[in-house]
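Participant: As a plain string of letters, each chain reads:
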Amino acid sequence: AQSVTQLDSHVSVSEGTPVLLRCNYSSSYSPSLFWYVQHPNKGLQLLLKYTSAATLVKGINGFEAEFKKSETSFHLTKPSAHMSDAAEYFCVVSGKGSSNTGKLIFGQGTTLQVKP
Amino acid sequence: ETGVTQSPTHLIKTRGQQVTLRCSSQSGHNTVSWYQQALGQGPQFIFQYYREEENGRGNFPPRFSGLQFPNYSSELNVNALELDDSALYLCASSLGTENYEQYFGPGTRLTVT
Numbered sequence: 001a002q003s004v005t006q007l008d009s010h011v012s013v014s015e016g017t018p019v020l021l022r023c024n025y026s027s028s029y030s031p032s033l034f035w036y037v038q039h040p041n042k043g044l045q046l047l048l049k050y051t052s053a054a055t056l057v058k059g060i061n062g063f064e065a066e067f068k069k070s071e072t073s074f075h076l077t078k079p080s081a082h083m084s085d086a087a088e089y090f091c092v093v094s095g096k097g098s099s100n101t102g103k104l105i106f107g108q109g110t111t112l113q114v115k116p
Numbered sequence: 001e002t003g004v005t006q007s008p009t010h011l012i013k014t015r016g017q018q019v020t021l022r023c024s025s026q027s028g029h030n031t032v033s034w035y036q037q038a039l040g041q042g043p044q045f046i047f048q049y050y051r052e053e054e055n056g057r058g059n060f061p062p063r064f065s066g067l068q069f070p071n072y073s074s075e076l077n078v079n080a081l082e083l084d085d086s087a088l089y090l091c092a093s094s095l096g097t098e099n100y101e102q103y104f105g106p107g108t109r110l111t112v113t
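Line order of the protein sequences matches chains H and X.
Letter by letter, the first sequence follows residues 1 to 116 of the working numbering.
Letter by letter, the second sequence follows residues 1 to 113 of the working numbering.
Honestly, the hints are just simulated from the structure, not real lab data.
Where hints are given, some of them may not hold.
Here are some chain X residues pointing at chain H (derived, C-beta under 7 Å) [unchecked claim]:
1. 16
2. 38
3. 42
In silico negatives: residues of chain H with every beta carbon more than 12 Å from chain X [stated by the list, open to error]:
4. 9
5. 15
6. 32
7. 41
8. 62
9. 66
10. 68
11. 75
12. 77
13. 82
14. 86
15. 113
We treat Cβ as the ideally placed atom computed from N, Cα and C, and that holds for glycine.
Starting from the given sequences, assemble the full structure and let the hints guide the process.
Facilitator: See below:
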């Protein structure tokens, strides 16, 4: 079975300071991992994805994530937060196996607050 | 290129009623997946449709059913609505059943009273 755990339900940073959103995953297969962002009253937008190529993945809006197999982690980072980054962030693992192929498995989400 | 669209945006129903939600996939995408997002939770996979057939289902009862049409658009039907069905319902489209890069619509907010 596959699952993800987002270690923080809420993260607060000041504008211009680094962002770190933590995610651990569990998968008996080689996983595909994603980060999605959801702004209020908007749909989910793909920030970045890892699909067994480079372990450091660059996404949109300056976000990056590093796949660490030994730590089963896929943490999301950004060097400098902007006010527009305030949103809900979801770490996602691909479902694999006969009953899970094609399915995305979401974490509970981390609310990012950016203070001026 | 047209993105994923969903209708209606909001819906209020009474317990026991039935509801139909609609989704148009992104141009060129042949696979549609549906997710339920309860307040304060991550989305949960309901089912996926490919070539007009259900291709995988999450832990949802049979009163959740769907359809996919030849133009790849899709419907989600929920019978005998319960209060706990109140949620944001998200549709996502992709190219192929094992393409995990799914593109989401804005969702339909369903409230059951």
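Participant: Does each hint fit the structure? Answer for all of them.
Facilitator: Hint-by-hint comparison with the structure:
1. 16: For residue 16 of chain X, the interface hint is violated, since the closest Cβ of chain H sits about 28 Å away, which is over 7 Å.
2. 38: 11 Å, violated
3. 42: 3 Å, holds
4. 9: 9 Å, violated
5. 15: Given a closest Cβ separation of 25 Å, the condition holds.
6. 32: Answer for residue 32 of chain H: violated, closest chain X Cβ roughly 5 Å.
7. 41: Contrary to the label, residue 41 of chain H does not stay out of reach of chain X, its closest Cβ about 8 Å off (not over 12 Å).
8. 62: Answer for residue 62 of chain H: holds, closest chain X Cβ roughly 20 Å.
9. 66: With a cut-off of 12 Å, residue 66 of chain H remains clear of chain X, as the shortest Cβ separation is near 19 Å.
10. 68: 20 Å, holds
11. 75: Non-interface label stands for residue 75 of chain H: nearest chain X Cβ at 17 Å, farther than 12 Å.
12. 77: 20 Å, holds
13. 82: Given a closest Cβ separation of 22 Å, the condition holds.
14. 86: 17 Å, holds
15. 113: Correct as stated: the minimum Cβ-Cβ distance to chain X is 15 Å, above 12 Å.
In summary, the structure is inconsistent with hints 1, 2, 4, 6 and 7 from the numbered list given earlier, while agreeing with the others.
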